[in-house]
Structures are given as structure tokens and as C-alpha cells.
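Quick mapping for you: the protein sequence lines, in order, are chains A and B. Quick note on the numbering used here: the first sequence kicks off at 1 and runs consecutively. Quick note on the numbering used here: the second sequence kicks off at 1 and runs consecutively.
I should point out that these hints are in silico values taken from the structure, not numbers from a laboratory. It is possible that part of the hints are untrue.
Derived pair list, reagent style BS3-like, types lysine-lysine, alpha-carbon separation capped at 27 Å [unchecked claim]:
#, chain 1, residue 1, chain 2, residue 2
1, A, 184, A, 94
2, A, 184, B, 269
3, A, 75, A, 94
4, B, 269, A, 159
5, A, 224, A, 184
6, A, 224, A, 234
Residues per chain, in single letters:
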Amino acid sequence: MGSYILRRLLIALPSLLGISVVLFTVLALAPGDPFEELATNPNVPAEVRLLLRAKFGLDDPIWQRYVHWLMAMLKGDWGFSFISRVDVDTLIAKRVPVTLAVIGASQLLALAVALPVGIVSAVRPYSWFDRIASTLAFVGFSLPTFFTGILLILVFSIKLDWLPFVFRADIAATGWPWWWENIKQSIMPITVLGLFQGASWTRYVRSAVLDVVRLDYVTTARSKGLAEHVVVMKHVVRNALIPVVTLVALQMPAVFGGAIVTEQIFRIPGIGSLLIDAILRNDTPVIMAVTFVFSCLVIVFNLTADLLYGWLDPRISYR
Amino acid sequence: MAGSTPASATGETSAARARGVSPWGEAWRRFRRHKLALASLVVLALMALLLLFGPMLWKVAINDIDFSARLQSPSLAHPLGTDDLGQDLFARMLYGGRISLAVGLAAMLMAIVVGVLIGAIAGISRGSVDAALMWLTDLFLSLPQLPLLLLVIYLFRDSLKAAFGPEVGVFILIVFVIGGFRWMPVARLVRAQFFSLREKEFVEAARALGASVPRQVVRHILPNALGPVIVAGTIDVAAAIIAESTLSFLGLGFPPDIPTWGRLLFDAKDHMDIAAHWALFPGAAIFFTVLTINFIGDGLRDALDPRRVLSS
């Protein structure tokens with residue numbers, strides 16, 4: 001087991017390196033210039049600008065800059081934001097927990113919807129419940145998150161005035177009021193993300209359970225006289241969840257993508273809106289670091305899925 | 001596509017089989033059983049016709065500014081209302097829908113071509129070539145797609161605009177970027193199909209008769225691997241339309257003078273309290289297009305992907 005984790009990590013490392021090379025090259029080849037603002041500012045003489053460029057190493061060849069960046073990254077120096085004038089790692093450390101909280105809560109919601117609905121649909125395929133659930137699932141993942149977000153804001157914030165539509169990170173209250181405010185402002189973003197994910201997972205769960213429910217060992221379990229819920233929960237679901245775990249992990253990039261949109265709609269100060277701000281203002285070190293953090297998160301989730309897979313299914317041996 | 005072959009099999013299955021129905025006819029028969037897919041095909045066809053011929057009948061310019069008719073609700077003069085500059089939303093939606101659909105189709109084609117190419121090369125050649133291509137596929141799968149999409153588009157938009165003009169430049173860029181990030185599932189599908197097909201007896205027979213490798217691939221393996229690819233391609237159109245709308249919605253897609261549905265939503269979201277219709281119509285248009293395409297994809301899966309059929 002230990003050596004398996006080690007080897008999986010060793011496989012993940014070249015991928016991370018590959019991703020960082022791709023990201024760095026794209027950024028380096030791009031025509032944008034982080035010092036553009038200085039160039040148009042008449043108070044900054046051209047020599048100062050050139051000196052700054054030389055100081056930050058913007059005139060070196062690309063591979064030299066990449067090695068330089070990689071070394072700094074490994075030492076924990078993630079660079080300095082040109083726009084906010086703060087170290088990139090403090091900026092990111094401030095934003096990541098918000099994003100992870102919103103994504104985590106929405107994934108829990110998605111599972112809470114997808115597991116029961118998918119299982120009941122598959123146990124009674126082509127019943128009325130299954131038909132309605134399948135149609136709703138189609139509707140759910142055909143609704144783009146930006147449109148659901150707008151609809152929710154329209155209904156609950158503008159028409160009914162129940163929920164705030166701008167997410168505030170600096171709520172002054174403490175204790176219970178603080179929690180209450182945070183729950184109120186998180187309901188809509190979490191619903192948007194959670195229902196979108198839940199809709200597509202419902203289909204995965206349904207088809208995975210359907211694959212298992214016809215197998216012989218399930219018939220055996222029934223003929224032993226086990227109660228139906230024992231057969232379903234202990235015999236069917238446990239085995240059906242194995243492929244679902246992989247699919248959920250493979251969806252992670254899409255989940256983070258959806259989080260960017262949601263953060264933008266509800267103005268949540270998370271890592272996704274940080275990325276968009278950075279892109280719009282050409283803040284190269286922040287862009288590089290945030291995209292890299294996204295890649296790391298995705299790879300970490302893939303790794304977790306592989307490990308969970310083996311834990312769920314003892315037939316898989318780590319070799 | 002399945003719909004291009006008219007159904008000769010109107011009667012019972014056994015009767016149809018006896019008369020010798022082509023594989024496409026059989027697929028169409030199975031497709032028609034999926035009522036929602038059939039209904040979606042009709043709705044989508046109607047929408048496509050409206051987008052194609054609508055601008056010829058509704059001759060209002062998309063950039064016809066009229067400050068006396070700002071943010072109006074739907075009326076006879078403006079069936080879908082107007083935006084904050086008094087521009088007619090119906091005309092803008094018709095124009096934007098063409099672009100959204102064109103982006104979806106072009107990006108799908110790009111994803112399919114790249115995916116089939118890489119999947120076929122990996123599937124037919126064993127060893128290091130296969131391993132390298134699959135490593136590349138996995139690398140692309142673990143890239144964070146939306147951040148990269150945003151990044152590439154933002155960084156290269158201006159230079160392409162200068163080279164091809166604003167409309168064509170952004171179109172090329174968006175199609176290439178969306179297509180370039182969606183080929184991986186197709187490549188994996190094609191590779192898996194090739195692995196099982198290339199050991200089948202009919203391919204072996206072709207090989208024994210002296211067919212060259214390209215001929216084996218093009219004449220014998222590829223046509224049999226196409227079913228799942230068509231299904232994946234259909235879903236890809238929907239995904240590409242969502243991707244384009246997302247980019248435009250984030251303000252990083254098409255410029256404001258090219259009103260795609262996502263761009264309309266982006267412009268509308270600051271006026272939602274007084275002009276909800278402005279956001280609702282393009283949003284609903286995206287939703288219905290994507291929904292119908294997804295249903296058609298589901299119907300095609302029943303029709304073309306024999307592994308998935310539970311009871312026929």
C-alpha cells in the first residue's frame with residue numbers, strides 16, 4: 001500500500017511538471033505585458049520600466065525563467081502580485097478556504113441528492129419515479145450554472161427579497177448571527193453548484209446500480225431470505241459505488257470550473273474570482289499560481305479516487 | 001446521422017429483419033422508440049430553421065439603437081423586448097443563436113477529428129507510441145479546463161482579432177480552444193474500440209488478404225467504431241455551446257457587438273431588477289438547445305451503442 005502511494009505520487013509528479021510547463025509557456029508567449037500600465041503612465045521614465053523588467057527577469061529566455069520560477073516555487077516563494085502588491089501565497093491562502101467550503105458543501109448536497117434518487121431509480125427501472133427522476137436529471141445538467149444562478153437571484157433576491165445576492169466575507173457579527181448570515185448568503189451558490197452536479201451524478205449512480213442489480217450474487221442474497229433493504233444497501237450499493245467514485249473524481253476539473261462561474265455570479269471572494277480578476281488585469285504571477293493550484297487540486301482528487309477505489313474494492317490489488 | 005436514412009421498417013421487427021434492413025434503418029427504428037429524443041429532434045430542427053431563415057423575415061438591424069424604447073418588455077413591435085440601448089432583442093437573439101450553434105458544431109468537429117486521429121493512432125500502434133499518446137491524453141484530462149480556456153482566450157484574443165478581424169478571429173480562437181480541450185474522451189473511446197476491433201475475425205481476414213494497415217483502419221475498423229463517437233460528438237455540441245456561453249458570460253468571449261446568447265446574459269445581469277426578460281430569453285434559449293441536444297444524444301446512444309441497450 002505504502003509503495004503504491006509512493007509510485008502513484010511519482011507518476012503524478014511528471015504530470016504536474018508537464019502542466020506547469022504548458023501553463024508557463026502559454027503565459028510567456030502571450031502578448032500581454034504586466035508593465036503595460038507603467039508604460040502608459042507618464043510619471044514613470046522608460047529607464048525605470050526597463051530596470052524593473054530586468055529585475056523581474058522578464059527579458060531572459062523562457063526556459064531560464066521557467067527554471068527560475070520552478071526553483072522559487074519549490075522554496076515556497078510564489079511571487080508577488082503586481083496589482084495587489086501582496087505576496088501571492090498569502091493572497092491565495094486567504095481565498096482557497098472560501099472556495100473549498102463552497103465546493104465541499106455543494107458536493108455534499110449533490111451526493112445527498114444523487115445517491116438516494118439514483119438508487120431508487122435503478123431498483124425500480126422504468127417506473128414512474130425513474131422516468132420523472134431521469135427527465136429532471138436531464139433538465140438539471142442542461143441548465144448552465146450561470147443561468148440557474150441568475151434565476152435564483154431573480155426569484156429569491158429581487159422578487160422575494162429573502163436572500164442576499166452579494167457574498168460578503170467581512171460580516172461584522174460574531175457567534176450565531178455570523179453563522180446565520182453566512183448560511184443565508186451561501187444557500188444560493190451551494191444550491192446552484194450542488195444541483196448541477198447532483199443531476200449528472202444521479203445518472204451515474206443509476207447506471208452503476210443497474211449494472212450490479214442483475215448479477216447472480218444479488219439473486220443469491222435474495223434467495224437467502226435477506227430483507228430487500230439489506231440486499232440493496234449492503235450487496236448492491238457497496239459494489240455499485242466503485243465506478244461512481246472514479247467518475248466523481250474525473251468530474252473534479254468540471255466542478256472547479258463551475259465554481260469559477262458561481263463565484264463570479266454571486267461575487268464570492270474565492271480563488272476562481274481571484275483568477276478572473278488577475279486575468280482581466282494581466283497579473284501574471286497570480287494567474288500562474290492560481291492555475292497551478294487548480295491543477296494540483298485536480299491531481300490530488302484523482303489520487304484520492306484511486307486510493308478510495310482500492311479501499312472500496314478489495315479485489316483490486318496494489319501492485 | 002441516423003436521421004438521414006428514412007425508416008423503411010415501419011412494421012414489426014421480425015418483418016423488417018426479414019426484408020433486410022440496413023444498419024442505419026435499424027438504428028433509426030431504435031432511435032424513434034425514445035419519444036423524448038424524437039420530440040427533441042423536431043424542436044431542435046424547428047429552432048435551427050428559425051435561426052437560419054428568421055433574419056430574412058425579421059429585418060430589424062441588431063445594432064439599431066433607439067433610446068425612446070429602452071428596456072421595454074415584450075410587445076408587438078419588439079417580440080422579445082429591448083435592451084438598455086433600445087436594440088431589438090429578437091433580432092439579436094436570432095443573430096447570436098446562429099453563432100452559438102456554429103461554435104458548437106465547429107468545436108465538435110474539431111474535437112472529433114483530433115480525438116479520432118489520436119485514438120486511432122494509439123489504438124493501432126502498440127507500445128511506446130500508444131503509451132505516449134495516452135499520457136498526453138491523461139495530461140489534458142487533468143488540466144483545469146475553464147481556467148485555461150479563460151487564460152488562452154484572454155491572452156491571444158487581441159492578436160487574432162488583428163489578424164482575422166474581430167468576428168472571425170474570436171470565432172476561430174473559441175472553436176480551437178473549446179475543441180482542443182474536448183477531444184480526450186473521444187480519443188479514449190476510439191482507442192478502446194480499436195483494441196477490441198483489431199482482433200476481430202473480419203479484420204484478421206482483411207489482414208490475411210493483404211490489406212495495408214491504413215486500409216484496415218479506414219475500411220474495416222473505423223466504420224465499426226463510429227457509433228459511440230457519434231454519441232460523444234452530439235453531447236460535445238451541447239458542451240461546446242455551454243462553454244461558449246460561459247466564456248461570453250464571464251465577459252471573455254465574443255465582443256459586445258456580437259450578441260451571442262451568453263453575451264446577452266452577461267449584458268443583462270446588471271439590469272435584472274427592471275428588465276428580467278432580457279436575461280430570461282437568452283438563458284431559456286441556451287437551456288432548450290442544450291436540453292434537446294442532450295436528449296438526442298441519449299436517443300442516439302440507445303440507437304447506436306449496442307452495449308448500452310438494456311432491453312431491445
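(message) Tell me the hint numbers this structure goes against, listed in increasing order.
(response) Hint 5 is the one this structure does not satisfy, whereas the remaining hints hold.
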